[in-house]
Amino acid sequence: MGLFDAIEIAGSGLTAQRVRMDVTSENLANADTTKTATGQPYQRQDVALRQIEPGGFGGALSGALAQSESSPAAGGVQVSGIVTDSTPDQQVYDPGNPEADAQGYVKMPNISTVTEMTDLISEQQAYQSDVTAMQTAKSMFTSTLGILK
Amino acid sequence: MRGSWQRQTALTNNVANAETPGYERQEVNFESALQNAVGEGEPLEQVQFQTETVPTLAGPNGGTVSVDEEDAKVAQNGLDYQALTQVANTRNSIMRAAMGLN
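Top line first, the protein sequences correspond to chains S and X.
Residue 59 in the numbering used here is what sits at position 59 of the first sequence, and the numbering runs on without skipping anything.
Residue 28 in the numbering used here is what sits at position 28 of the second sequence, and the numbering runs on without skipping anything.
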């Protein structure tokens, strides 16, 4: 249990939420992209999150320094990967579109703008919670310093 | 203060992992650890606090964290900690007064 663990963990949360925000923006920007490098419509991206296991190199090091078997540093969160959403593409009837097939249907990305907007709200709120936790840890630290005055 | 600090770390980890599927929330129950130590006459300085996972009903993504509850706990624990530092401060000033420093 290190002094700045809480701040580092909140920081890892901020990073993870920012990556999610980036990916959601990418999805929104490409909501109408009918052709990518592969010739297929854009596929929705999603972020997979994972808990950083307590332990690892940092945890082992701080445990050795503390020379105790007490609980190791809590880990935080990290992005384990950006995955492609395999939901089928939407078929939209738009015969005037240059990408339309013989029947007049266009393959559109598997993106619902409403889903992306609700994702954005959830990311924003998670980010704010991380900031609040970091500020609380900071004020706790400040009040510890106050003892020495 | 040590227990409260460790709880803050666990709570922050809960907030950071609020969206992690399958994550189980953690809690540090340092009050009951201290109570046990007092009951058994152990020296309080040497009590180790355990960070333990709490079984709670899982939400739709398999995680057990409610961000609102964690936010409230973070705020509460911050205030608890400030109360504890005030006790430490008061103790210090009593000692200083006894030594005629002020």
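Note that these hints are calculated values from the structure, not bench results.
No residue lacks a Cβ here, since even glycine has one placed at the ideal position from N, Cα and C.
Hints should not be assumed to be uniformly reliable.
Claimed, not checked - With the Cβ distance kept under 7 Å, some of the chain X side facing chain S (calculated, not the full set):
id: 1; residue: Asn13
id: 2; residue: Ala16
id: 3; residue: Ala72
id: 4; residue: Gln76
id: 5; residue: Gly78
id: 6; residue: Leu79
id: 7; residue: Asp80
Evaluation of the provided hints:
At about 4 Å, the closest approach between the beta carbon of Asn13 (chain X) and any beta carbon in chain S falls short of 7 Å, and the interface hint on this residue holds. Residue-level restraint check for Ala16 (chain X) holds (minimum Cβ-Cβ distance to chain S is 3 Å; threshold 7 Å). Interface restraint check for Ala72 (chain X): the shortest CB-CB distance to chain S comes to about 10 Å, outside 7 Å, so the restraint is violated. With 7 Å as the threshold, the beta carbon of Gln76 (chain X) stays out of range of chain S, its nearest partner Cβ sitting at about 10 Å, so the hint is violated.
Hint status for Gly78 (chain X): holds, given a least beta-carbon distance of 4 Å to chain S, under 7 Å. For Leu79 (chain X), the interface hint is violated, the least distance from its beta-carbon to any beta-carbon of chain S being 9 Å, above 7 Å. The beta carbon of Asp80 (chain X) is not positioned within 7 Å of any beta carbon in chain S (closest approach about 9 Å), and the interface hint is therefore violated.
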